[in-house]
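Chains as they are written, first to last, in our numbering: chain A, 24 to 341; chain B, 66 to 261.
Treat the hints as calculated values from the structure; they're not laboratory data. Keep in mind that the hints are not guaranteed to be accurate.
Claimed, not checked - Pairs of lysine to any residue, SDA-like flavour, derived with a Cα cap of 25 Å:
| hint | chain 1 | residue 1 | chain 2 | residue 2 |
| --- | --- | --- | --- | --- |
| 1 | B | Lys90 | A | Lys175 |
| 2 | A | Lys151 | A | Gln181 |
| 3 | B | Lys90 | A | Asp65 |
| 4 | B | Lys90 | A | Lys183 |
| 5 | B | Lys142 | A | His70 |
| 6 | A | Lys256 | B | Gly218 |
| 7 | A | Lys183 | A | Asp167 |
| 8 | A | Lys183 | B | Val212 |
| 9 | A | Lys183 | B | Lys142 |
| 10 | A | Lys151 | B | Lys90 |
| 11 | B | Lys90 | A | Leu64 |
| 12 | B | Lys90 | A | Val243 |
| 13 | A | Lys183 | A | Glu216 |
| 14 | A | Lys183 | A | Ala213 |
| 15 | B | Lys142 | A | Val33 |
| 16 | B | Lys90 | A | Arg29 |
| 17 | B | Lys142 | A | Glu78 |
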Amino acid sequence: MTELARTESVGDIEAQAAAWVRRRHFWDWTAAEQSELDAWLDESISHRVAYWRMESGFARTEKLVALRAPIAEAPARRFPFLIGIAAAFVIAAVIGVAAMKAVQPPQDRLYTTRVGGHETIAFADGSKIELNTDTVLRTRMTTDQRMVWLDKGEAYFQVKHDAAHPFIVNIGSRRVTDLGTAFLVRRDEARMEVAVMQGRVRLDAAGYAPQTAMLTPGDVVTAAGETMSRARKSTSELVNELGWRRGVVVFDNMTLASAVEEFNRYNTQKIVVTDPAAARLAMVGTFPINDVAAFTDAVQDVFKLRVENRKSEIVISR
Amino acid sequence: MAEIPENENAEPRRSGAAMTAPDVKAWFIHEVLPLEAALTSFLQHNWRNRADISDLRQDVYERVCEAAAKQIPDNTKAFVFRTARNLLINRVRREHVVPIEAVADLDTLGLALDAPGPDRSAMARDELRRLQAALDELPPRCREAVVLGRIEGLSGREIAARMGITEAGVSIHLDNGIRALVDAIYGAAEDGRRKS
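Looking at chain A on its own, in the form it has when it is part of the complex (with noise of 0.2 Å):
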């Protein structure tokens, strides 16, 4: 065995490995700052050594945010409802109009969306709510916080972050907490999935072993059931994944299974793929949500498959 020459001392090597999980998870990072992070990696086996410890490390160190305080129930209140009216009116009396709000019932609103639908709720602060397809959504705006709860189906997120009033997506015992951001979160009966475009959430999950978990730009959360496993993507999936916001569904070399799921969840007349095999072709293409016909021509076309048009739903077989 020989000794390997290290040219820089270990404190060194630790030290920068320790600035470049900071610059990543504190500080914009940009395609050049991670090629710069991938050059550094690859100037030697020290180095990746030392940052693969520091970033695994770091990683677990999410486990402090059960530290912070929780996050109160939204109808919780410290005093009872006439004692909270009573000291509004007190602090009303002395900081002027602005607190005469506290008084104001929470308004909750009910947000749907029909199958193929698409609708953008503009709150007063700036904040917006994207709703997909076939979608439930409920808000709840009181002066201490802004919360949502996502019943159903899919919405896009853009944040006017105000540290004050937190602004909490609920979908059943999760809850993303919005730390300055654009987020994705979609739900249907067996899964959920979060998706940060950009700035920061916090996402905390209630259950037998509550999980917390800190997510940036790129990072997909699913969960199905009582797991949760989280995944990168591109900015270029990521922004596929949004398609539907420009009123286009895009697959990328996704499964005809998977690009037909994908295509129904926009359509009443639902396509059916009956060929096992021609389930498993990959399809590549952009197409208007509403529009079957272009869909299932392209399939006709390319795969050479059989199309039938029957009235309540679309055939395709070899």
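Please arrange chain B on chain A, whose structure you already have, making use of the hints.
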């Protein structure tokens, strides 16, 4: 508190085969790093100069990763400790600092190998406690920066504004904090305190 696992869609590896770079990284993170506390105490038992411990540990890591890129070891734990022992013996020969018999004798190696592997669930339970202890030991301003960044979720810029210090100052606090917390994660903070 459980952490969300990275989705690695890792296929089961066959020992003896060569590993790709992402495989080496995954192997290092999931199989080698959990041995760090045991490895550190093995090195401390067998090497007098405390100041060399983090250098030795880094050497062991580099060697096992280079070897693993060529061939996956059958038994990671035995492989890591054998590498550590050989490294110590080489150092002793080269530096003539301690008599060879006093170093890295097979008994201590055997002891280290017989010790039960890290119990992952116990490690996870213990982790928050160790993290909290490490956090409490940080100098106050450093601790404040780490709490704002890691617990409250502020960005570097926001931390600087909140603490009324420069962004460069925030970077120094965060870097020191990150290193201390990572040491605590791998269980080396108790006796393998870094020299800095």
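Do the hints match the structure? See the list:
1. Lys90/B with Lys175/A: violated, 38 Å
2. Lys151/A with Gln181/A: holds, 5 Å
3. Lys90/B with Asp65/A: Distance of about 13 Å is within 25 Å: holds.
4. Lys90/B with Lys183/A: violated, 38 Å
5. Lys142/B with His70/A: Distance of about 23 Å is within 25 Å: holds.
6. Lys256/A with Gly218/B: Roughly 21 Å between the alpha carbons, so the hint for Lys256/A and Gly218/B holds.
7. Lys183/A with Asp167/A: Within the cut-off at roughly 15 Å; holds.
8. Lys183/A with Val212/B: holds, 23 Å
9. Lys183/A with Lys142/B: violated, 50 Å
10. Lys151/A with Lys90/B: Measuring from Cα to Cα gives roughly 40 Å; hence the hint is violated.
11. Lys90/B with Leu64/A: Holds: Lys90/B and Leu64/A sit about 12 Å apart, inside 25 Å.
12. Lys90/B with Val243/A: holds, 21 Å
13. Lys183/A with Glu216/A: holds, 22 Å
14. Lys183/A with Ala213/A: Outside the cut-off at roughly 30 Å; violated.
15. Lys142/B with Val33/A: Holds: Lys142/B and Val33/A sit about 23 Å apart, inside 25 Å.
16. Lys90/B with Arg29/A: Cα-Cα ~20 Å, so holds.
17. Lys142/B with Glu78/A: Holds: Lys142/B and Glu78/A sit about 22 Å apart, inside 25 Å.
The structure is inconsistent with the numbered hints 1, 4, 9, 10 and 14, although it conforms to all the rest.
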